[in-house]
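Add chain B to chain A, keeping to what the hints say.
There are 2 protein chains.
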Amino acid sequence: MTRVLTWPQIESVLEGVDLVAAMEEAFVAYSEGRAVVPPVGELILEEPRGEVHIKYGYIKGQPGYVVKIASGFPGNVARGLPPGQGVMLLFDREDGALTAVLLDEGHLTDLRTAAAGAVAAKHLAPPDVQRIGVLGTGVQARMQLDHLRGVTPCRSVLAWGRDAGRLDALITDLGALGFEAEAAGEPAQIGAACSLIVTATASHSPLLDEVRPGTHVTAMGSDTHEKQELSARLVGSADLVVVDSRDQAALRGEAARAVAEGSFDLDDALELGDVIAGRGGRTHADQVTIADLTGVAVQDLAIARAAAGI
Amino acid sequence: MTRVLTWPQIESVLEGVDLVAAMEEAFVAYSEGRAVVPPVGELILEEPRGEVHIKYGYIKGQPGYVVKIASGFPGNVARGLPPGQGVMLLFDREDGALTAVLLDEGHLTDLRTAAAGAVAAKHLAPPDVQRIGVLGTGVQARMQLDHLRGVTPCRSVLAWGRDAGRLDALITDLGALGFEAEAAGEPAQIGAACSLIVTATASHSPLLDEVRPGTHVTAMGSDTHEKQELSARLVGSADLVVVDSRDQAALRGEAARAVAEGSFDLDDALELGDVIAGRGGRTHADQVTIADLTGVAVQDLAIARAAAGI
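So the sequences go chain by chain: A and B.
Residues in the first sequence are numbered from 1 upward in steps of one, following this note's numbering.
Residues in the second sequence are numbered from 311 upward in steps of one, following this note's numbering.
Just chain A, same shape as in the assembly (with noise of 0.2 Å):
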């Protein structure tokens, strides 16, 4: 019998669950080839415009696979409508039967998105962050934020936008949540005074040249290969990068772009799923590093199952 959960539903299912263990736990699967996750499945409307991805995959040894369906559609903003839908499917492993539904409106994208976020964070970030900076005023910008309190106790934060008035309400938002926020006047100000910095643009060029000594960026803005966020110099400079999924960076995110401009080499990249295991990661507190996420099936599978409760 397939079960039909809503938002509302699904929202009260997750708020018992920790979201960091259940993304670690499917970043270690990943890294250790115990996920099995086809190419993304596209698909590009016009007129208007829009961008459907479907991501699947199963972990072996568990017991279901995951169907994704995700999308975009920019005008949707000016209609008033959320630009993100979509749905994830749960189906049983060992008779295909339809297990749940999740009818998350694309809400499951954007947690699993954050706590992936604070998942890098805990295991980069240098041991004394005395403030954070965020680039962009987005949904994501609200809730990486939201899912560091639980990885770190700095809640001092600077953020930039490009639009003041969205900026604005980002600073009233974050002060709900517990944060001292300010705003900056460009990105290179957050470069300056932030050792923890999340960016969470939709930028196709570079935001982010330089960072101080000491200090981690999760880039998780650009997740096809024309968006682009730090410049490939920052991430070619970089003590350490660290990838979601190295197959994926060699086609989308800041690290393809820096191979792309002769930067830097991928073989250089750590996967994240590598680090949480110990098998690398920061090893001293002055060093530069960077998480490169472009977003995992693996992911999905795992905030799935816990919203799905199995």
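There could be a bad hint or two in this list.
Stretches of chain B that chain A covers, calculated by requiring three or more beta carbons in the stretch to come under 8 Å of a beta carbon on chain A [to be verified]:
#1 358 to 372
#2 424 to 437
#3 509 to 521
Computed list of lysine to any residue pairs in SDA-like fashion (alpha-carbon distance at most 20 Å, straight line) [to be verified]:
#4 370/B with 74/A
#5 370/B with 44/A
#6 370/B with 72/A
#7 60/A with 468/B
#8 432/B with 331/B
#9 537/B with 394/B
#10 370/B with 46/A
#11 370/B with 48/A
Think of the hints as simulated: they come from the structure by calculation, not from any bench.
The beta carbon of each residue, even a glycine, is placed where N, CA and C say it ideally should be.
For chain B alone, coordinates are given in the frame of chain A:
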């Protein structure tokens, strides 16, 4: 607001729907290049073995896009479960919202496949069919005949299957559909006696090598490169070979096998959508025509729209 429909609800919506007309429209749109149908996504599972296919796409100018997940778990049969499982999702093409979840348990795929067989017979069968032949004793053998009732007045059937018990059961079921059905001892008897033949088996070697002049054959059992129901000689000697998708026919189905064996050139095939639109077809009662159907995502789109009532 997402609507969730169970199979009994879908069945009742479809009662008033002309599926043959819906399939005709879909095939024409496909052959006229108005459909966007990315490559099929595939997930293979082991222990127990399962195969999951993800088909998705849309027709330009229509309001929805569809994602279909359909799976086959051969081990289900021994456990008393249907091997096929599935779900169809219909999304709003304007904003990406999930319009409907069709919990069809795979039945919609069976239906659209059977309706496509009726479309092929409607446009390609000779004018005066005295006897229909069917190879295979599974779900499609019944459903193809069920749907043929709408496109031919003939009610005489000769049926063949490997398993005598299953063949008996089919004869009984066809009787309930209003057919006078008899069992054939071997496939060649059907080729010798029938002028409208449907092959609906999972055979991996040719069952039919010769038919009478003025016969139409719809081969719908073969949907992989390995499966084959018609000899390459029969395909090569037909007056007209029609495929649902030339792209797919290059990779799988009867035409692909005949091309591989050197007895057929795919440039000589017409697409079913072109035949429906009047750009070719049977020109003489004595011709032998073959429709080689492998199943196209636009069929799923058409039946999902019909089932959701939009």
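These are the hints, each one checked on the structure:
1. 358 to 372: The restraint on the segment 358 to 372 of chain B holds, since 7 of its residues have a Cβ under 8 Å from chain A and three suffice.
2. 424 to 437: violated (count 0)
3. 509 to 521: violated (count 0)
4. 370/B with 74/A: Holds, at roughly 19 Å.
5. 370/B with 44/A: Within the cut-off at roughly 11 Å; holds.
6. 370/B with 72/A: holds (18 Å)
7. 60/A with 468/B: violated (47 Å)
8. 432/B with 331/B: Given that 20 Å is the threshold and the Cα spacing comes to 11 Å, the pair holds.
9. 537/B with 394/B: Within the cut-off at roughly 18 Å; holds.
10. 370/B with 46/A: holds (9 Å)
11. 370/B with 48/A: Distance ~12 Å between residue 370/B and residue 48/A Cα, so the pair holds.
Hint check: violations occur at hints 2, 3 and 7; the rest are consistent with the structure.
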